[in-house]
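Sequence order for the protein chains is S and Y. Take the position in the first sequence, starting the count at 1, then add 3; the result is the number in this note's numbering. Take the position in the second sequence, starting the count at 1, then add 832; the result is the number in this note's numbering.
Keep in mind the hints are simulated off the structure, nothing from the lab. On a predicted model such as this, the values are computed, not experimentally measured, just so you know. Cβ atoms here follow ideal geometry from the backbone N, Cα and C, with glycine treated the same way. Any given hint might turn out to be false.
Label pairs and their calculated CB-CB ranges [what the hints assert, rightly or not]:
hint: 1; chain 1: Y; residue 1: K914; chain 2: S; residue 2: C290; range: 15 to 25 Å
hint: 2; chain 1: Y; residue 1: F911; chain 2: S; residue 2: A257; range: 36 to 46 Å
hint: 3; chain 1: Y; residue 1: F870; chain 2: S; residue 2: N400; range: 29 to 39 Å
hint: 4; chain 1: Y; residue 1: D889; chain 2: S; residue 2: S420; range: 42 to 52 Å
hint: 5; chain 1: S; residue 1: T419; chain 2: Y; residue 2: K847; range: 41 to 51 Å
hint: 6; chain 1: Y; residue 1: F870; chain 2: S; residue 2: V442; range: 42 to 52 Å
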Amino acid sequence: MGEFYLFAFAQAHEEFRIPELQSIAELHNFTIKFQSEVNVHRPFMILELESEEHARTLARRCILVKAVCEFYARGLSYEELHEQNRARLPKWGCYIPDTSFRFMVTAYNHSIPQARQRAVVEDFSYMGFLGKIDMKNPEVTMICYEEYRDKRGMTREKHEGDGEFEEAFFGRLIEEGSARSLIRKFDVKKRVYYGNTSMEAEISLLMANQTLASPGKLIYDPFIGTGSMAYTTAHFGAMVFGSDIDGRQMRGKANQPGIIRAAAQYGVAGRIVDLCTFDVTRNPWRCGELFDAIITDPPYGVRAGAKRLGRKPRPGKPADDLRSPETIMKNRPDDQPYIPPTKPYELSSLASDLVQLARYMLKPQGRLVFFLPTVTDEYEELDIQTMLCEGMEVVANSLQNFGSWGRRLITIRKATSERFPPPSFEVSSGELEASSLHVPAHKDFREKYFQGFKNSNFEQPVQDNH
Amino acid sequence: MVRLITHNLLACHAKGCTSNNFPLQFKDIQVELREAEFNSDFLRGFLPRIEWAALVDASRQLGDTSLPAEQPEMLDDDFLQKLHHVLLEIHVEEGAMICPNCHHVYPISNGIPNMLLAEHEIG
Ligand SMILES: C[S@@+](CC[C@H](N)C(=O)[O-])C[C@H]1O[C@@H](n2cnc3c(N)ncnc32)[C@H](O)[C@@H]1O
Ligand SMILES: [Zn+2]
Numbered sequence: 004m005g006e007f008y009l010f011a012f013a014q015a016h017e018e019f020r021i022p023e024l025q026s027i028a029e030l031h032n033f034t035i036k037f038q039s040e041v042n043v044h045r046p047f048m049i050l051e052l053e054s055e056e057h058a059r060t061l062a063r064r065c066i067l068v069k070a071v072c073e074f075y076a077r078g079l080s081y082e083e084l085h086e087q088n089r090a091r092l093p094k095w096g097c098y099i100p101d102t103s104f105r106f107m108v109t110a111y112n113h114s115i116p117q118a119r120q121r122a123v124v125e126d127f128s129y130m131g132f133l134g135k136i137d138m139k140n141p142e143v144t145m146i147c148y149e150e151y152r153d154k155r156g157m158t159r160e161k162h163e164g165d166g167e168f169e170e171a172f173f174g175r176l177i178e179e180g181s182a183r184s185l186i187r188k189f190d191v192k193k194r195v196y197y198g199n200t201s202m203e204a205e206i207s208l209l210m211a212n213q214t215l216a217s218p219g220k221l222i223y224d225p226f227i228g229t230g231s232m233a234y235t236t237a238h239f240g241a242m243v244f245g246s247d248i249d250g251r252q253m254r255g256k257a258n259q260p261g262i263i264r265a266a267a268q269y270g271v272a273g274r275i276v277d278l279c280t281f282d283v284t285r286n287p288w289r290c291g292e293l294f295d296a297i298i299t300d301p302p303y304g305v306r307a308g309a310k311r312l313g314r315k316p317r318p319g320k321p322a323d324d325l326r327s328p329e330t331i332m333k334n335r336p337d338d339q340p341y342i343p344p345t346k347p348y349e350l351s352s353l354a355s356d357l358v359q360l361a362r363y364m365l366k367p368q369g370r371l372v373f374f375l376p377t378v379t380d381e382y383e384e385l386d387i388q389t390m391l392c393e394g395m396e397v398v399a400n401s402l403q404n405f406g407s408w409g410r411r412l413i414t415i416r417k418a419t420s421e422r423f424p425p426p427s428f429e430v431s432s433g434e435l436e437a438s439s440l441h442v443p444a445h446k447d448f449r450e451k452y453f454q455g456f457k458n459s460n461f462e463q464p465v466q467d468n469h
Numbered sequence: 833m834v835r836l837i838t839h840n841l842l843a844c845h846a847k848g849c850t851s852n853n854f855p856l857q858f859k860d861i862q863v864e865l866r867e868a869e870f871n872s873d874f875l876r877g878f879l880p881r882i883e884w885a886a887l888v889d890a891s892r893q894l895g896d897t898s899l900p901a902e903q904p905e906m907l908d909d910d911f912l913q914k915l916h917h918v919l920l921e922i923h924v925e926e927g928a929m930i931c932p933n934c935h936h937v938y939p940i941s942n943g944i945p946n947m948l949l950a951e952h953e954i955g
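Could you build the full structure based on these sequences and the hints that come with them?
This is the structure in structure tokens:
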């Protein structure tokens with residue numbers, strides 16, 4: 004039987020909260036008991052954990068945790084809250100005699116006027132703490148949170164509706180979430196090397212947590228671009244491999260590759276094992292089962308179109324347009340080697356190829372963590388099912404909603420120790436099936452994006468300017 | 833970079849090149865030594881994937897003779913330190929890797945190997 008802890012979350016990425024908690028618990032080999040009526044859209048959760056140490060571990064590693072408290076009481080009104088809190092005397096009684104303390108009153112989606120904050124604190128005086136009040140360095144901090152309804156889109160005075168909270172929570176602060184400060188550390192704009200495909204810091208950190216990154220592990224990004232997730236993954240101790248079809252993304256302009264310069268800024272250059280230029284659908288990996296995780300943001304065609312080696316079929320163009328191998332080799336400059344022609348790569352086949360590649364390249368129990376863009380109104384649970392293959396299981400699926408479109412962070416586990424062959428990257432039978440039986444909402448995503456998600460008939464592909 | 837751990841994992845993948853396509857041969861290379869953090873869990877985890885003879889050959893080619901010809905059964909600290917050095921601390925910065933079978937040249941520039949195939953080389 005565990006104890007109850009009150010978790011306060013940052014006001015962001017609601018659907019990522021539970022997957023992140025579960026990942027970090029799995030990484031550290033403990034379990035979290037969720038209450039039956041968890042609502043992920045609410046910023047407070049009461050979780051049952053075996054020890055305070057587990058609560059601290061979550062506060063130190065989870066990006067979305069703002070604070071963790073020993074839970075004392077909650078209530079739709081203060082009467083209810085105080086009644087519960089009195090009954091918890093055995094929990095806080097030990098702080099009565101001579102522990103220095105402070106009380107804090109704060110709100111979510113609201114700001115409480117100071118006068119009422121003081122009044123709320125006054126109402127806890129029955130707890131009878133005898134120690135000295137210390138606002139700077141107390142031995143214990145008691146926190147009371149009021150949760151208000153989201154007021155976005157409504158014009159209101161700052162304190163209007165004060166006291167009309169949905170629910171209030173009370174507990175003893177154990178630890179403030181310290182991983183949130185990493186969002187500033189990995190801020191893309193402060194990085195010595197980044198590009199227009201760089202992934203924002205907070206999401207890169209959340210993704211790294213989904214991989215269970217830790218020392219001793221080897222993690223791979225096959226579409227590494229400018230390396231955003233390599234830095235966060237390496238920060239948590241893992242060794243990272245990267246590859247990309249476009250060497251310029253990884254290098255930038257200076258001699259030393261951009262990814263290495265940025266990694267050095269974060270003190271993790273040594274954990275970037277290597278960067279290689281290749282098309283992941285034509286990859287040189289000698290064997291499978293190499294990686295503990297694959298973390299990636301596949302090219303979904305908005306800023307960096309998905310490409311693969313080969314030529315677009317272009318009716319009317321004579322076949323002798325193909326340059327002979329000799330010309331290709333002769334015209335090849337030393338520093339910027341031959342860049343072969345590429346053809347577009349449709350997103351739904353990319354996604355199922357990626358899952359198959361991961362099944363081949365991951366060690367058993369390894370994780371694939373990647374983004375899948377999708378059309379919000381057309382998305383169905385089945386979209387994810389159609390890209391799975393035997394042995395691969397969805398662990399988490401969290402939506403980041405941008406309105407008419409969004410992207411889902413998908414975490415898949417290789418739940419088998421059976422060996423599978425490398426994918427052929429030809430149109431797979433699974434894909435044929437998928438296109439005849441079920442067309443996922445992310446199919447032809449690039450075209451849908453540029454047409455504003457209006458119609459679903461794409462005769463005229465949009466010009467690729469990458 | 834290219835470290836020998838990477839060299840040990842890359843095979844020629846040109847169209848039809850499916851035998852004698854590993855290990856790639858280094859040519860005209862510039863090597864740098866850089867200290868790396870030691871992690872024995874990482875090494876133990878990676879060991880089952882290593883092609884031992886290829887690793888020993890490559891390290892000798894680059895002037896490091898510390899590894900035994902046969903992979904030892906006992907993973908003592910001394911051995912793991914040597915393995916660590918060979919896998920992670922020797923970086924090939926410039927030069928090329930050449931397929932022993934089809935002689936495809938994979939150039940290395942500023943530590944990044946170009947493993948892209950030309951059009952006529954893809955299956
Ligand atoms: C969305 S970006 C990844 C951005 C990266 N996360 C970053 O932080 O910059 C996708 C990357 O995939 C690369 N790419 C596209 N097609 C590829 C292929 N077939 N094989 C390997 N890389 C590919 C592009 O060059 C691009 O850098
Ligand atoms: Zn070859």
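Each hint tested on the structure:
One distance hint, 15 to 25 Å for the beta-carbon pair K914 of chain Y and C290 of chain S, holds here, with the actual separation near 23 Å. Remark: the range hint 36 to 46 Å for F911 of chain Y to A257 of chain S is upheld by a beta-carbon distance near 38 Å. Taking 29 to 39 Å as the suggested C-beta distance range, the pair F870 of chain Y and N400 of chain S conforms, at roughly 38 Å. Distance hint check: the CB atoms of D889 of chain Y and S420 of chain S are about 31 Å apart, inconsistent with the given range 42 to 52 Å.
Checked against the hint of 41 to 51 Å, the pair T419 of chain S and K847 of chain Y fails, with Cβ atoms roughly 31 Å apart. Distance hint check for F870 of chain Y and V442 of chain S: the Cβ-Cβ separation is about 51 Å, which falls inside the suggested range of 42 to 52 Å.
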